[in-house]
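This is what each chain is made of:
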Amino acid sequence: MEQFNPLNVLSEMHLNWGYILTQVGSFLILLFLMAKFLFKPLQSLLEERRERIRKAIEDAERERREAEKLRKEYEQYLVRIEDEARKKIQEAMREAYAARDELLSQARADAQRMLERVRRELEYEREKMLIELRDFITDMSVAIAGKALGKILDMKAHRQLIAQILEEELPLENASGNGGRNS
Amino acid sequence: MSGTELAHGTHQPSIAPPEETWFHFIWLLTQHTRFPIPDWLFLCWLVIVALVTWAWWTRRNLKPVSTSANQTIVEWFVETIEGLAVSAIGERGKAYVPLIGTLFIYILSLNLIGLLPGFMSPTSHPYVTIGLAIAAILSVHFIAIKELGIKGYLMHYIDKPLLGSILTVWMVPVTICIHIVSEFAKVVSLSMRLFGNIFGEDVVLYQFALLGLAAYGFFRSLVGLPAPFQVLFPFQLPIALLHLLIGTVQAFVFSLLTATYIGMFLQHEED
Chain A
11 MEQFNPLNVL SEMHLNWGYI LTQVGSFLIL LFLMAKFLFK PLQSLLEERR
61 ERIRKAIEDA ERERREAEKL RKEYEQYLVR IEDEARKKIQ EAMREAYAAR
111 DELLSQARAD AQRMLERVRR ELEYEREKML IELRDFITDM SVAIAGKALG
161 KILDMKAHRQ LIAQILEEEL PLENASGNGG RNS
Chain B
71 MSGTELAHGT HQPSIAPPEE TWFHFIWLLT QHTRFPIPDW LFLCWLVIVA
121 LVTWAWWTRR NLKPVSTSAN QTIVEWFVET IEGLAVSAIG ERGKAYVPLI
171 GTLFIYILSL NLIGLLPGFM SPTSHPYVTI GLAIAAILSV HFIAIKELGI
221 KGYLMHYIDK PLLGSILTVW MVPVTICIHI VSEFAKVVSL SMRLFGNIFG
271 EDVVLYQFAL LGLAAYGFFR SLVGLPAPFQ VLFPFQLPIA LLHLLIGTVQ
321 AFVFSLLTAT YIGMFLQHEE D
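Protein chains in written order, with our numbering: chain A, 11 to 193; chain B, 71 to 341.
One should not assume that every hint holds.
To be verified - A few chain B positions that, by computed beta-carbon distances, are all more than 10 Å from chain A:
1. I200
2. Y286
3. M334
Stated by the list, open to error - Straight-line C-alpha distance at most 25 Å; calculated DMTMM-like pairs for lysine to aspartate or glutamate:
4. K46(A) with E149(B)
5. K133(B) with E57(A)
6. K50(A) with E253(B)
7. K46(A) with E253(B)
8. K164(B) with E61(A)
9. K79(A) with D93(A)
10. K164(B) with E253(B)
11. K138(A) with E126(A)
12. K216(B) with E253(B)
13. K65(A) with E149(B)
14. K82(A) with D69(A)
15. K133(B) with E58(A)
16. K65(A) with E161(B)
17. K50(A) with E217(B)
What the hints assert, rightly or not - Rough simulated footprint, nothing fancy, chain A against chain B, three-plus residues with beta-carbon under 8 Å:
18. 101 to 114
19. 159 to 171
20. 271 to 283
Treat the hints as calculated values from the structure; they're not laboratory data.
We put the CB at the ideal spot given by N, CA and C, even for glycine.
Turn these sequences into a full structure, and let the hints steer you where they fit.
What follows is the structure in structure tokens.
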């Protein structure tokens with residue numbers, strides 16, 4: 011039996027290297043074709059899709075954030091508008107109340123003034139009436155006395171006499187200064 | 071046993087299935103030429119042509135958004151391989167998806183084609199697995215040289231961390247020897263693991279089928295056996311299902327180990 015040399019293990023196996031190299035070559039050709047036809051296009055497709063999805067998600071996120079910001083802004087805006095509206099309404103109401111008060115007081119004053127005037131007119135009418143009444147009474151008294159006495163002594167003196175009597179009996183209020191009865 | 075006998079399937083002990091397929095006529099035609107084509111080699115080429123045709127057809131029907139089952143499956147496959155490559159190699163692993171994916175799909179096809187009647191698994195032949203392992207390890211080294219440069223590639227054999235201390239410089243020749251041996255061991259382990267699994271599977275499959283035939287003959291020989299017992303006994307059926315599993319697992323292991331070897335080379339750069 012010949013001596014077995016471990017270093018000659020490959021040649022001792024009597025492998026047919028042609029077949030092995032054929033296999034290696036076949037595989038490398040397959041690798042090249044598969045990479046060209048299947049893996050490279052698929053990988054770029056998947057990468058593109060991944061990129062697109064990532065971008066879409068980012069866009070959606072950004073838009074959501076912007077919408078959120080806008081929403082907050084509008085909410086603040088609305089709150090401000092409501093505040094302003096409330097203030098304006100309050101202002102208007104206050105003004106309205108003030109106007110009402112003013113109008114009321116003016117109306118009251120006007121009414122008072124009118125009442126005053128009417129009262130004054132009434133007073134005036136009354137005094138006028140009193141004067142006329144006195145004149146009438148005087149005339150009537152003179153006429154009655156004249157009729158009774160038969161003659162009129164002196165018209166002027168007579169009238170003076172009557173007026174004097176009347177002044178004593180029926181004094182004019184204004185002339186007498188007695189204003190207490192008016193109020 | 072000589073390499074020629076191994077190549078031509080004439081060495082086999084009786085327990086192994088015969089290496090004869092529908093394409094045995096090619097062997098018969100070419101056996102006296104300078105390059106006889108055994109059945110397993112022709113099956114490899116057949117698988118290659120089928121895969122390339124399929125890949126070409128897939129690319130032609132590629133849509134931006136998948137509408138066909140084929141494209142959905144291919145996308146899932148590529149993404150899975152990508153995840154595998156990234157987990158074994160890192161982010162740069164995406165560039166080596168073609169290598170890992172082709173290894174997987176090629177070995178898977180070679181394993182499973184043996185389940186078709188009248189075919190054999192070419193991976194149950196050592197030349198196929200040795201060739202695949204050599205191609206894989208050559209690719210690993212090519213990638214390492216491309217990624218690390220010649221200097222970085224050679225530093226891998228010295229183990230850079232060892233150079234840190236003067237006391238350990240004497241270890242350099244030892245580590246070089248260990249690394250060279252380990253590279254050969256990788257080829258041997260990759261090829262023998264695949265070959266052993268698929269060959270063993272084929273033998274079991276063949277033997278169970280023979281057992282079924284034997285049982286059939288035995289029951290037929292019994293006189294007065296009712297008709298329901300005069301059937302074929304497909305004892306090999308569970309083994310065929312097991313073959314599906316083992317064929318997939320072995321293809322996966324082969325490609326995963328290749329990815330791991332690439333990762334082992336490239337991690338030096340990160341040290």
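A quick look at each hint next to the structure:
Its beta-carbon lying about 5 Å from the closest one in chain A, I200(B) breaks the requirement of being farther than 10 Å from that chain. Listed as a non-interface residue, Y286(B) keeps its Cβ farther than 10 Å from every Cβ of chain A; the least gap is roughly 37 Å. With a closest Cβ-Cβ approach of about 21 Å to chain A, M334(B) is found to remain outside the 10 Å limit, as its non-interface label requires. Taking the CA atoms of K46(A) and E149(B), the gap is near 17 Å; set against the 25 Å cutoff, the hint holds.
Only pairs whose Cα atoms come within 25 Å are accepted, and K133(B) paired with E57(A) is accepted, the gap being roughly 14 Å. Restraint check for K50(A) and E253(B): the C-alpha separation of about 29 Å exceeds 25 Å, so the hint is violated. For a cut-off of 25 Å, the pair hint linking K46(A) to E253(B) is broken: about 29 Å separates their Cα positions. Using a Cα cut-off of 25 Å, the hinted pair K164(B) and E61(A) holds, with the two alpha carbons roughly 15 Å apart.
This hinted pair checks out: K79(A) and D93(A) have alpha carbons roughly 21 Å apart, not beyond 25 Å. Pair hint K164(B) plus E253(B) holds up; C-alpha atoms about 24 Å apart against a cutoff of 25 Å. Annotation: proposed proximity of K138(A) to E126(A) holds, straight-line Cα distance about 18 Å (limit 25 Å). Taken as a hint, the K216(B) and E253(B) pair is honoured in the structure, with Cα atoms around 18 Å apart against an allowance of 25 Å.
In summary, the hint linking K65(A) to E149(B) is supported, as the alpha carbons are separated by about 20 Å, within the 25 Å threshold. For the given pair, K82(A) sits about 20 Å from D69(A) by alpha-carbon distance, which is consistent with the 25 Å threshold. For the proposed pair K133(B) and E58(A), the alpha carbon gap of about 12 Å is at most 25 Å, so the pair holds. About 20 Å separates the Cα atoms of K65(A) and E161(B), which keeps this hinted pair within 25 Å; it holds.
Using a Cα cut-off of 25 Å, the hinted pair K50(A) and E217(B) holds, with the two alpha carbons roughly 19 Å apart. With 4 residues carrying a beta carbon less than 8 Å from a beta carbon of chain A, the stretch 101 to 114 of chain B meets the three-residue requirement, and the given coverage holds. Requiring three or more residues with a Cβ within less than 8 Å of a Cβ of chain A, the coverage given for the stretch 159 to 171 of chain B holds, as 5 such residues are present. Counting residues of the stretch 271 to 283 of chain B whose CB falls under 8 Å from any CB of chain A gives 0; the rule of at least 3 is not met.
The structure shown violates the earlier hints numbered 1, 6, 7, 20.
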